[in-house]
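Trainee: Sequences and hints are given; from them, build the entire structure.
2 protein chains.
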Amino acid sequence: MAEATNRQILLVETPKGKLGSEHFKMTETTVPTLSDEGALLVRTHYISLDAANRAWMQGATYRDAVESGQVMAGGAIAEVIESKSSDFAAGDLVFADTGWQDYAVVPAKAAQKVPSMEPKTHLLSVYGVAGLTAYFGLLNCATPKAGETILVSAAAGSVGTLVGQIAKAAVPDCTVIGIAGSDEKCQWLKDELGFDATVNYKAEPVFKALKAVAPQGIDVYFDNVGGDILEAALFRMNNFGRIACCGAVSQYDGAPPSAGPRGVPGLIVTKRLNLRGFIMSDFPNEREKALKDLEGWVAEGKIKVQEDIIDGLENTPTALVGLLAGENRGKRMVKVV
Amino acid sequence: MAEATNRQILLVETPKGKLGSEHFKMTETTVPTLSDEGALLVRTHYISLDAANRAWMQGATYRDAVESGQVMAGGAIAEVIESKSSDFAAGDLVFADTGWQDYAVVPAKAAQKVPSMEPKTHLLSVYGVAGLTAYFGLLNCATPKAGETILVSAAAGSVGTLVGQIAKAAVPDCTVIGIAGSDEKCQWLKDELGFDATVNYKAEPVFKALKAVAPQGIDVYFDNVGGDILEAALFRMNNFGRIACCGAVSQYDGAPPSAGPRGVPGLIVTKRLNLRGFIMSDFPNEREKALKDLEGWVAEGKIKVQEDIIDGLENTPTALVGLLAGENRGKRMVKVV
Numbered sequence: 001m002a003e004a005t006n007r008q009i010l011l012v013e014t015p016k017g018k019l020g021s022e023h024f025k026m027t028e029t030t031v032p033t034l035s036d037e038g039a040l041l042v043r044t045h046y047i048s049l050d051a052a053n054r055a056w057m058q059g060a061t062y063r064d065a066v067e068s069g070q071v072m073a074g075g076a077i078a079e080v081i082e083s084k085s086s087d088f089a090a091g092d093l094v095f096a097d098t099g100w101q102d103y104a105v106v107p108a109k110a111a112q113k114v115p116s117m118e119p120k121t122h123l124l125s126v127y128g129v130a131g132l133t134a135y136f137g138l139l140n141c142a143t144p145k146a147g148e149t150i151l152v153s154a155a156a157g158s159v160g161t162l163v164g165q166i167a168k169a170a171v172p173d174c175t176v177i178g179i180a181g182s183d184e185k186c187q188w189l190k191d192e193l194g195f196d197a198t199v200n201y202k203a204e205p206v207f208k209a210l211k212a213v214a215p216q217g218i219d220v221y222f223d224n225v226g227g228d229i230l231e232a233a234l235f236r237m238n239n240f241g242r243i244a245c246c247g248a249v250s251q252y253d254g255a256p257p258s259a260g261p262r263g264v265p266g267l268i269v270t271k272r273l274n275l276r277g278f279i280m281s282d283f284p285n286e287r288e289k290a291l292k293d294l295e296g297w298v299a300e301g302k303i304k305v306q307e308d309i310i311d312g313l314e315n316t317p318t319a320l321v322g323l324l325a326g327e328n329r330g331k332r333m334v335k336v337v
Numbered sequence: 338m339a340e341a342t343n344r345q346i347l348l349v350e351t352p353k354g355k356l357g358s359e360h361f362k363m364t365e366t367t368v369p370t371l372s373d374e375g376a377l378l379v380r381t382h383y384i385s386l387d388a389a390n391r392a393w394m395q396g397a398t399y400r401d402a403v404e405s406g407q408v409m410a411g412g413a414i415a416e417v418i419e420s421k422s423s424d425f426a427a428g429d430l431v432f433a434d435t436g437w438q439d440y441a442v443v444p445a446k447a448a449q450k451v452p453s454m455e456p457k458t459h460l461l462s463v464y465g466v467a468g469l470t471a472y473f474g475l476l477n478c479a480t481p482k483a484g485e486t487i488l489v490s491a492a493a494g495s496v497g498t499l500v501g502q503i504a505k506a507a508v509p510d511c512t513v514i515g516i517a518g519s520d521e522k523c524q525w526l527k528d529e530l531g532f533d534a535t536v537n538y539k540a541e542p543v544f545k546a547l548k549a550v551a552p553q554g555i556d557v558y559f560d561n562v563g564g565d566i567l568e569a570a571l572f573r574m575n576n577f578g579r580i581a582c583c584g585a586v587s588q589y590d591g592a593p594p595s596a597g598p599r600g601v602p603g604l605i606v607t608k609r610l611n612l613r614g615f616i617m618s619d620f621p622n623e624r625e626k627a628l629k630d631l632e633g634w635v636a637e638g639k640i641k642v643q644e645d646i647i648d649g650l651e652n653t654p655t656a657l658v659g660l661l662a663g664e665n666r667g668k669r670m671v672k673v674v
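Going down the list, the sequences are from chains A and B. Per this note's numbering, residue 1 is the first one in the first sequence, and the count goes up by one each step. Per this note's numbering, residue 338 is the first one in the second sequence, and the count goes up by one each step.
It is possible that some hints are incorrect.
Across the chosen pairs, the derived CB separations fall in these ranges [to be verified]: (1) A:Asp87 to B:Pro621: 50 to 58 Å; (2) A:Asp228 to B:Ala426: 52 to 60 Å; (3) B:Asp619 to A:Thr61: 51 to 59 Å; (4) A:Asp97 to B:Glu664: 52 to 60 Å; (5) A:Asp97 to B:Glu404: 55 to 63 Å.
In short, the hints are calculated from the structure, not lab data. Just so it is clear, CB atoms sit at the ideal spot from N, CA and C, and this is done for glycine as well.
Mentor: This is how it looks when you write it as structure tokens:
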């Protein structure tokens, strides 16, 4: 093995308020050795950064909480160095929760083999968690119909950029509206990614702005943020509207919120709305079709893949802090090697 | 015509806080005459009382708001006295929004012909809005599966009594838990209607009580109340749980709430919940099957129909005020004639 050491980034303290790089620390240890049957030793290549990383620190979600003192959890594209599973061989590329470290031992059954492709980064963006989350949330959960008005929040983020473009590719005559946090992002969504209209939630009251850009109301809302923006959307939804509940990034980086949006459940009843929570892994049987569709749209130029690649494992904490502050456009990840 | 006058109950003032009988007044006017083509003159027999009546005073919902000075709105079983529609004849029985009055002129297309049956009151309870609301909300929206745990709030009310009994009749091996507002109601739900367990929300904290009676969590929640009880249920739902959003009676009789339940949308995402709002009329194509199923269960003794009949049009205001205070068991209605 070339490297003698394994760099690891630990969560040293569970943040009570905003996450900062001071909540992490890097240590060095030896590269782990593989003893258990059914396990893999992998070398981390690209670590995925996601708002959900912050949510994991708040407590158990669809996975155990990340506790202080542990290597920070995170999905990554990694290469198998040594395998004690007949399903994997050295050299295979996998997606697995390696955590923020150079090397990891992971159970083979928790690793997903991914195809070799260039650029490999697409395995985290359009063909990875971001692309499949956007695809399943929009098409399988919110089921938009031709001509409908589709709203997405965190529209300039990894999932949002794809939701808007998938909508344009898959839903005839739809109107796509994105909510983002700066005029520059908004302009970029319209000029580069084909969004029909945008709202800068930091510059204008969202409810009024939605009324102006979608006077006909909203049929589908892909919610990445929760909080006040979800509330504004609820009040602007049309009857029989559908909300794909993907995340609540407005509520991750601080104390848990003391209340939910007004209009729940009153508006859900009177407008006969459907709110559905999901995560990407809920749709194993749809995965193949989704990847084929995404490849087709990329090939046709209907999806422009947006990636934001930070170099160096040591920069992972600041990269996550920056993501939570809305620095990135498209899929943020860290190149480890 | 036997009566020379038409008694009407007007909403004289839109309540700001709790509804009282002082918000209504009875007047007498002449029986309306029928002039418009496509209209019906009907004689009101039984007026349905529903928590939603109060919600209509708060503003537009799935129907226009009831404004002060208007005859109070309300659905009723009524008899056609005179018809200017080829679809109806004198003597037909209909369900229509007659409002709280002896006679009404209603558009034929807004009237629904109902079969003659005895007792006619069943046309408002098990075979009317209450029965169909319970049926569609539980079976079409929340889609319970064998062995699941099903929770219903306002369990002793018109819809709740039926939700619990329909669950027992239609869902093999399910566990049915009801939330109601007194120990007497709770005992009655268990002894008479076959509920497995109950929670008296006025006597115990709901979250803890739910943990005790449903340690395995909740799969389906039929929500009639919203507010704190919805919040407690959200925190006790199992992954992939379904919530049928039928009403929010906790929030009707006062100022609109300043916030929604905590956990929205965070718990919806992490538990992959589905919340669906509905009203009974959303399922016209399922109506026939629903009525047939309900008739079968009544015939087999699996559904005991619970009705609470108040006599006299003049008592309608106090009957509604009492319903909002939780006086009734089962379907409350007013016998006019």
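Trainee: Look at each hint and say if it fits the structure.
Mentor: Here is what the structure says about each hint:
Checking the proposed 50 to 58 Å range against Asp87 (chain A) and Pro621 (chain B) shows it holds: the Cβ atoms sit about 52 Å from each other. In this structure the supplied range 52 to 60 Å holds for Asp228 (chain A) paired with Ala426 (chain B), their Cβ-Cβ distance being about 55 Å. Look at Asp619 (chain B) against Thr61 (chain A): about 33 Å separates their beta carbons, and that is not inside 51 to 59 Å. A hinted range of 52 to 60 Å holds for the C-beta pair Asp97 (chain A) and Glu664 (chain B), which are about 55 Å apart.
Look at Asp97 (chain A) against Glu404 (chain B): about 58 Å separates their beta carbons, and that is inside 55 to 63 Å.
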